[in-house]
Amino acid sequence: MYEIRPESIKTFITDRNVKLPRFQRKQTWDEKKNFQLCISLFKEYPIGVCILSVDESKGKLVRWLLDGRQRKNALTMMYDDPENIYIWAKKFIGFKNSDQPSDIEDKFLKKIREYIEADIDEETEMMQSTKNEDDSEDNSEATEECDDEQITSNAYGLDLLLEIIKIIHNKQKKNTGFTKPFDFTKYVNRLPYIESEEGGVKLSSRRVKTFIDEYRRYCDDECISYEDEKSFYQFINIRCDIRNEPKVKVLIKDKWEAIKERILIVEKIDTLLTNSKIGMIEVKNLSPSDSQKIFNIINSEGEKLTAVEILSAKPHWNIVIEMPSQLAVETVKELYKRIGTMQTNVVRWDFPATLVRRIGDNFILKRFSDTKADFEKELTCGFKILSGIYAKGVKKEDIEKLSKIKSLNWGTDIEGLIYDLKNMFKLISSFDYFKYFKSWNISMMELTSDAIALNFIIVAYFDWCRKGKPLGDSKAKRFQKNCFILWDRLIYEYINRQWRGSSDSKIANNIINVGSEDEDFASIPGWKWKTILEDQIFAENSIESTDVSIGTMKPLLYHFYCLKSIQGPDTNYDIEVDHIIPQTLFNQSSIPKKEVIQDNLLNLGLLPKDENISKSNKKLILIDSQWLKDQIVKYEFILEDKFLEYSNVNNYQQMFDERKEVFIEAYTTKRDNILNN
Numbered sequence: 001m002y003e004i005r006p007e008s009i010k011t012f013i014t015d016r017n018v019k020l021p022r023f024q025r026k027q028t029w030d031e032k033k034n035f036q037l038c039i040s041l042f043k044e045y046p047i048g049v050c051i052l053s054v055d056e057s058k059g060k061l062v063r064w065l066l067d068g069r070q071r072k073n074a075l076t077m078m079y080d081d082p083e084n085i086y087i088w089a090k091k092f093i094g095f096k097n098s099d100q101p102s103d104i105e106d107k108f109l110k111k112i113r114e115y116i117e118a119d120i121d122e123e124t125e126m127m128q129s130t131k132n133e134d135d136s137e138d139n140s141e142a143t144e145e146c147d148d149e150q151i152t153s154n155a156y157g158l159d160l161l162l163e164i165i166k167i168i169h170n171k172q173k174k175n176t177g178f179t180k181p182f183d184f185t186k187y188v189n190r191l192p193y194i195e196s197e198e199g200g201v202k203l204s205s206r207r208v209k210t211f212i213d214e215y216r217r218y219c220d221d222e223c224i225s226y227e228d229e230k231s232f233y234q235f236i237n238i239r240c241d242i243r244n245e246p247k248v249k250v251l252i253k254d255k256w257e258a259i260k261e262r263i264l265i266v267e268k269i270d271t272l273l274t275n276s277k278i279g280m281i282e283v284k285n286l287s288p289s290d291s292q293k294i295f296n297i298i299n300s301e302g303e304k305l306t307a308v309e310i311l312s313a314k315p316h317w318n319i320v321i322e323m324p325s326q327l328a329v330e331t332v333k334e335l336y337k338r339i340g341t342m343q344t345n346v347v348r349w350d351f352p353a354t355l356v357r358r359i360g361d362n363f364i365l366k367r368f369s370d371t372k373a374d375f376e377k378e379l380t381c382g383f384k385i386l387s388g389i390y391a392k393g394v395k396k397e398d399i400e401k402l403s404k405i406k407s408l409n410w411g412t413d414i415e416g417l418i419y420d421l422k423n424m425f426k427l428i429s430s431f432d433y434f435k436y437f438k439s440w441n442i443s444m445m446e447l448t449s450d451a452i453a454l455n456f457i458i459v460a461y462f463d464w465c466r467k468g469k470p471l472g473d474s475k476a477k478r479f480q481k482n483c484f485i486l487w488d489r490l491i492y493e494y495i496n497r498q499w500r501g502s503s504d505s506k507i508a509n510n511i512i513n514v515g516s517e518d519e520d521f522a523s524i525p526g527w528k529w530k531t532i533l534e535d536q537i538f539a540e541n542s543i544e545s546t547d548v549s550i551g552t553m554k555p556l557l558y559h560f561y562c563l564k565s566i567q568g569p570d571t572n573y574d575i576e577v578d579h580i581i582p583q584t585l586f587n588q589s590s591i592p593k594k595e596v597i598q599d600n601l602l603n604l605g606l607l608p609k610d611e612n613i614s615k616s617n618k619k620l621i622l623i624d625s626q627w628l629k630d631q632i633v634k635y636e637f638i639l640e641d642k643f644l645e646y647s648n649v650n651n652y653q654q655m656f657d658e659r660k661e662v663f664i665e666a667y668t669t670k671r672d673n674i675l676n677n
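Numbering of the sequence shown is given in the UniProt record's numbering, commencing with residue 1 and proceeding in unit increments.
Possibly wrong hints are sitting among the right ones.
Claimed, not checked - Straight-line C-alpha distance at most 25 angstroms; calculated DMTMM-like pairs for lysine to aspartate or glutamate:
| # | residue 1 | residue 2 |
| --- | --- | --- |
| 1 | K593 | D535 |
| 2 | K107 | E44 |
| 3 | K90 | E267 |
Said to hold, decoys possible - DEER-style ranges, computed between Cβ atoms:
| # | residue 1 | residue 2 | range |
| --- | --- | --- | --- |
| 4 | N650 | P470 | 53 to 63 angstroms |
| 5 | T584 | K475 | 51 to 61 angstroms |
| 6 | T76 | T344 | 16 to 26 angstroms |
| 7 | E257 | E334 | 46 to 56 angstroms |
| 8 | K110 | Q70 | 25 to 35 angstroms |
No lab work stands behind these hints: they were computed from the structure.
Glycine is no exception: its CB is placed at the ideal position from the N, C-alpha and C atoms.
Given only the sequences and the hints, what does the whole structure look like? Please build it.
This is the structure:
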């Protein structure tokens, strides 16, 4: 199932078979976090564990990095360019460009001491003694090259880390302490580490490091010493175009100790990364559920991986789509812009990941924001909709199965489904009840749950398909009525807590049952609605012995307004669920069960609120705005001459008695009219 083993850091970060899944969370590690990893590495502390999913596709082994991307990224940056260590250290320690080597050392020691929360150990004491021996040299200007900055073959641990920082210090526009000795621009053409910048040139530290790697390999291949300046001149002569040989030889001779010092830095970092180990957990042939569980056990303090994220590392989900539509390409491009990565093609995983965006706004799913939680939920909904339709289930295993359905033509079938779903939503929206529902600017998902919204879409789609995907005949009207019955049923089940527990299993059962259900769905009997309202909510302030709450009353409240064919206010207004007798009055009273009674359906109404005008916790009698008074009369069915009476919390029962008949009528007579029309 999985294997735990150590692996050389260098092997890990240079392994081209380690791939990143399509889905990548945004980079959250900053320079300070990266430098903390440096401290752990140079101090030989444990540096964490990475989780990889190992898959073999077409004879090629691919390792997908499920967790550890930011750690790998920091280690790779350290390996590619030593100057990154300096940049991170500067942010972590807080030294300035003008600081002298002694200043840097003092600040370094202080910050490290604070970070590791311990006394300076023998290693750091050795650094301090070195500092004392070199005090005479520390008075030099920061812009000078100093002999005390030379790194020795004995440097190790934090001593090595500090020396690297001191050598790279003296960062200027054209070069840094690391790159300055390699400045042969006056006498050599085609230097591979030159970059253009703002009309001038600069020495790239990353490319200098690559140049040093090439030089070391050249010396190994030629069996010559890289510590010999003649070897370095020979390499430059082969690699570049020397314009003035005598000048270059003199320059190399003058700078050789500094050049060799930089080569030694690169070698020591290379050796450190080669000898240091990182924990690797490789999972093989696991279901998304198992992969997710293993990840969450190991990474208990980090961000949890969703099944959708894990699936993005599966080979079947990374099969490239041939000739995707232009709209698909554009939507996928937008997806990865939101994720913060770039992809050059469209693969299977991208279709469910962009499905919700492509089917557009509707009153079933909520309008997802760009917050992390909403973004992940948006992706998951797309996968579950496709899985429910094509794999007849929405569990993790069903979603994984989706990518392997051979009969599914990803290039055309999904495009056809998106077209169908848009037409189906349009048809549902043209039914009178749902016209009123839309006018209140809320979604089924927000009123109930994610599972109920997904169940509605999937079950409605199967019913629409079995009726021949009608758009405007008698079958279309039967489908519209079925959608009303389905939503009415889902609300009833929701307030009765029938969607608690394994909602994925309930959706799967509903998918199976829709095929055997009558062409006209069976509705909840009217007597059941009347009983739950009169005998439980109104009389006992509970449903099946569970106290009522805003969460359970809210869908009933919106359903009530739509059953009564009450249009929502102008879309410029927000909607508030109003406690007609304010909560503050109940809280100040001695009424038994006041905490529950105040949330009874009979004390609630939907009110529009203007930017500067809302009822909030005001008593009815204290409302000054005639506009707001009119809204209360219109939407809460309370006449102005009752405002004084219902501003007294002790009169709540009289208000409840007056309003209950309005609700009963909606859930009996008005509802029957919709069902029988």
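Hints versus structure:
Our distance criterion of 25 angstroms between C-alpha atoms is met by K593 and D535, whose separation comes to about 17 angstroms. For the suggested pair K107 and E44, the alpha carbons sit about 21 angstroms apart, so the restraint of at most 25 angstroms is met. Proposed proximity of K90 and E267 is supported: the alpha carbons are some 23 angstroms apart, at most 25 angstroms. Roughly 56 angstroms separates the CB atoms of N650 and P470, a value that falls within the hinted 53 to 63 angstroms.
About 53 angstroms separates the C-beta atoms of T584 and K475, a value consistent with the hinted range of 51 to 61 angstroms. A C-beta distance of roughly 20 angstroms is found between T76 and T344, which places it inside the suggested range of 16 to 26 angstroms. Against the hinted window of 46 to 56 angstroms, the Cβ-Cβ separation of E257 and E334 comes to about 54 angstroms, which satisfies the hint. The beta-carbon spacing between K110 and Q70, approximately 27 angstroms, falls within the hinted interval of 25 to 35 angstroms.
Checked against the numbered hints given earlier, this structure breaks none of them.
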